[in-house]
Amino acid sequence: MQEPIIKVKDLVVKYGTRTVLNGVNLEIFKGESIAILGKSGCGKSTLLRHLIGLSQPTSGQVIVKGQDITSMDEDEKTEILKKLGMLFQSSALFNSMTIGDNVALPLREHTPLEESTINIMTNMKLGLVGLSGFEDFKPSQLSGGMKKRAGLARAIAMDPDILFCDEPSAGLDPVVAAGLDRLILELKKAFKMTIVVVTHELASVAIIADRVAMMHEGKIMAIGTLQELKSQNNPLMRQFFNREPDDEELARERQVSSLFGKA
Amino acid sequence: MEIVIKIFGSIGRGANSFFGHVSRISSLVSDTFYWIFVAPFKGKPIRWESTLVQMVRTGYESLPIVCLIAFFVGLIIAMQSAYQLKQFGATIYVANLTAVSITRELAPLLTAIVIAGRSGSAITAEIGTMKVSEEIDALKTMGLNIISYLVVPKTLAMLIMLPCLTIIADFIGVLGGYVISMATLDIASVRYVNQTVSALEFIDVFGGIVKSVFFALIIAVIGCYEGLNVEGGAEGVGKSTTKSVVTSIFLIIAADVFFTGLFFASF
Ligand SMILES: Nc1ncnc2c1ncn2[C@@H]1O[C@H](COP(=O)(O)OP(=O)(O)OP(=O)(O)O)[C@@H](O)[C@H]1O
Ligand SMILES: [Mg+2]
Numbered sequence: 021m022q023e024p025i026i027k028v029k030d031l032v033v034k035y036g037t038r039t040v041l042n043g044v045n046l047e048i049f050k051g052e053s054i055a056i057l058g059k060s061g062c063g064k065s066t067l068l069r070h071l072i073g074l075s076q077p078t079s080g081q082v083i084v085k086g087q088d089i090t091s092m093d094e095d096e097k098t099e100i101l102k103k104l105g106m107l108f109q110s111s112a113l114f115n116s117m118t119i120g121d122n123v124a125l126p127l128r129e130h131t132p133l134e135e136s137t138i139n140i141m142t143n144m145k146l147g148l149v150g151l152s153g154f155e156d157f158k159p160s161q162l163s164g165g166m167k168k169r170a171g172l173a174r175a176i177a178m179d180p181d182i183l184f185c186d187e188p189s190a191g192l193d194p195v196v197a198a199g200l201d202r203l204i205l206e207l208k209k210a211f212k213m214t215i216v217v218v219t220h221e222l223a224s225v226a227i228i229a230d231r232v233a234m235m236h237e238g239k240i241m242a243i244g245t246l247q248e249l250k251s252q253n254n255p256l257m258r259q260f261f262n263r264e265p266d267d268e269e270l271a272r273e274r275q276v277s278s279l280f281g282k283a
Numbered sequence: 002m003e004i005v006i007k008i009f010g011s012i013g014r015g016a017n018s019f020f021g022h023v024s025r026i027s028s029l030v031s032d033t034f035y036w037i038f039v040a041p042f043k044g045k046p047i048r049w050e051s052t053l054v055q056m057v058r059t060g061y062e063s064l065p066i067v068c069l070i071a072f073f074v075g076l077i078i079a080m081q082s083a084y085q086l087k088q089f090g091a092t093i094y095v096a097n098l099t100a101v102s103i104t105r106e107l108a109p110l111l112t113a114i115v116i117a118g119r120s121g122s123a124i125t126a127e128i129g130t131m132k133v134s135e136e137i138d139a140l141k142t143m144g145l146n147i148i149s150y151l152v153v154p155k156t157l158a159m160l161i162m163l164p165c166l167t168i169i170a171d172f173i174g175v176l177g178g179y180v181i182s183m184a185t186l187d188i189a190s191v192r193y194v195n196q197t198v199s200a201l202e203f204i205d206v207f208g209g210i211v212k213s214v215f216f217a218l219i220i221a222v223i224g225c226y227e228g229l230n231v232e233g234g235a236e237g238v239g240k241s242t243t244k245s246v247v248t249s250i251f252l253i254i255a256a257d258v259f260f261t262g263l264f265f266a267s268f
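Protein chains in written order, with the working numbering: chain C, 21 to 283; chain D, 2 to 268.
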């Protein structure tokens, strides 16, 4: 098999005394799409932050395109980052700029293109996410779902090799969410992008993901195609796929109902 | 025994966090200087466009309040010194006292304090809000350097505009003294102006301007530092903004003591 485009080796991340990632090992191959699943707060966003070198891990390595991103100097990292796109969980649009300027910023900063060309490219990317005509809006004038889509347009502005999406469809209506899934799929096909998606939506996992990585207690507990994971008889996985609450959750529920006298 | 350990423990932690702040602020300063003085020669130019925007915000838009305060302080100093000097029939020296105290001390200090409250807080609030809404992270993922993109334009604008504002405050403050003297003291206009000109030495005005450059550095660096270290949402932004203003005013006054002491010892 070919060399992985991203390789994570024994990644450990601690905040104070709390261990969030406890030895993550993961290989992502060029052109594939991988979905990262796991309970809320299990460290999915933290893992993404380390994959793009935003934070320094406590220990371990993240090798992107053959280079260790945790020990790179500024200039090398900038080169790698130009070809990475990231859609943040909170969209993270620049609130002081219009949507058009948000998308145009990486082009203005990193390419020698003329302003007119940049405008055309910006409008094209906004068109892809269904936001043409909104380039003069400020982020505060958009709905949550529209911000997500604008964030995606900005993430793909530089035609990245690898696209990271942190819960792209969270908080979107099913129609728009399905549209976003299809868009991500198209990007993968048309531009041969490698795609890493964190998501809770099993429906979109089924559409987007070639492989699924399941996180639990700071580790990748299982990895494989959706079918492989479903067929494993792991209680945690079954719980996730069947949308069953935790035992603690059930206990809490019983407590609540006993309070209100409905046994 | 236990209490002794606790006391030393908290002193140790305090000192540790103090030196931690000092070392991080120093590295912020040296990074900023690198991006202002070295990087432009390595093909990484200064962002003059955003610097200009910042200059308008910190300089031009602060002009009315700075002028008003300088004028009032000129009035106050002239009245206070006239009250003393009248006893000796030496009211002409109001011109000397006003000119020297305004240019050496009051114009640089008060302008810096006003700008710390006005622009220092704005810097912290802006950067802090960007931090909590992950905009800083988004900039980093685009391969943009935070120092060159955010810190340098603000610092440079402050370094240019605060001395300019100080020079304007010098004039307006002296004008305040002149107005009071003309209105209440029996001194001819020409005589007052001549007295002012002969009282002022180059070092008075220049010293004040040099001080204002250091004050500018304090305001900008503390403002950016506190903004970049905001933690925990909107509440954190509020806390850091307050902290930024209080810290920079304290450091401005401490630096002023230092510079005045230096001057006092060498003359
Ligand atoms: N800067 C930080 N300081 C301290 N703890 C942090 C920090 N960032 C994240 N954490 C902790 O790390 C854990 C993982 O957070 P993370 O945001 O990665 O979760 P997640 O899997 O993305 O959850 P969600 O699905 O809700 O987005 C959380 O328990 C959080 O409290
Ligand atoms: Mg998350």
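By construction, these hints were calculated from the structure, which means they are not laboratory data.
Treat the numbers as computed from the prediction; the structure is a model and nothing was measured.
Heads up, the beta-carbon is just placed ideally off N, CA and C, and yes, glycines get one too.
A hint or two may mislead.
Below, in silico cross-link-like pairs of lysine-lysine (BS3-like), each with a Cα-Cα straight-line distance of 27 Å or less [as the list claims (entries may be wrong)]:
#1 C/LYS85 with C/LYS250
#2 D/LYS43 with C/LYS102
#3 D/LYS45 with C/LYS97
#4 C/LYS102 with D/LYS240
#5 C/LYS158 with C/LYS50
#6 C/LYS158 with D/LYS132
#7 D/LYS7 with D/LYS132
#8 C/LYS97 with C/LYS59
#9 C/LYS34 with D/LYS43
#10 C/LYS102 with D/LYS7
#11 C/LYS97 with D/LYS240
#12 D/LYS240 with C/LYS103
#13 C/LYS103 with C/LYS85
#14 C/LYS34 with D/LYS240
Heads up, incomplete: computed chain D residues facing chain C, CB under 10 Å, no partners named [claimed, not checked]:
#15 SER102
#16 GLU106
#17 GLU135
#18 ILE137
#19 ALA139
#20 ASP187
Worksheet item: Given D/GLU135 as an interface hint, is the shortest Cβ-Cβ distance to chain C below 10 Å?
Response: holds, 4 Å
Practice prompt. Decide if the proposed pair is consistent with the structure: D/LYS43 and C/LYS102, CA atoms, cutoff 27 Å inclusive.
Written response: holds, 20 Å
Discussion item. So, as I understand it, the hint says D/ILE137 touches chain C; can you test that by seeing if any CB pair is closer than 10 Å?
Written reply: holds, 9 Å
Practice prompt. Would you mind confirming whether the straight-line C-alpha gap from D/LYS240 to C/LYS103 stays at or under 27 Å?
Written response: Violated, because 37 Å separates the two Cα atoms, which is more than 27 Å.
Worksheet item: Quick one, are C/LYS158 and D/LYS132 close enough, alpha carbons at most 27 Å?
Response: Given pair C/LYS158, D/LYS132 holds - Cα atoms ~18 Å apart, limit 27 Å.
Worksheet item: Can the restraint linking C/LYS97 and C/LYS59 be considered satisfied, given a maximum Cα separation of 27 Å?
Response: The given pair, whose Cα atoms are some 31 Å apart, is violated under the 27 Å limit.
Worksheet item: Going straight from one Cα to the other, do C/LYS85 and C/LYS250 come out at no more than 27 Å?
Response: At roughly 31 Å apart (the allowed maximum being 27 Å), C/LYS250 and C/LYS85 break the hint.
Worksheet item: Are D/ALA139 and chain C close enough, Cβ to Cβ, to be under 10 Å, as the hint says?
Response: Status holds, d = 4 Å.
Item to complete: Quickly compare the C-alpha distance for C/LYS102 and D/LYS7 to 27 Å and report which way the hint goes.
Response: Given pair C/LYS102, D/LYS7 is violated - Cα atoms ~50 Å apart, limit 27 Å.
Item to complete: Would you check the hint for C/LYS102 and D/LYS240, treating anything up to 27 Å between C-alpha atoms as holding?
Response: Roughly 35 Å between the alpha carbons, so the hint for C/LYS102 and D/LYS240 is violated.
Practice prompt. Decide if the proposed pair is consistent with the structure: D/LYS7 and D/LYS132, CA atoms, cutoff 27 Å inclusive.
Written response: Given pair D/LYS7, D/LYS132 is violated - Cα atoms ~35 Å apart, limit 27 Å.
Practice prompt. Please work out if C/LYS34 and D/LYS240 have their alpha carbons no farther apart than 27 Å.
Written response: holds, 26 Å
Going through the hint list in order, the structure does not satisfy hints 1, 4, 5, 7, 8, 9, 10, 11, 12, 15, 16 and 20.
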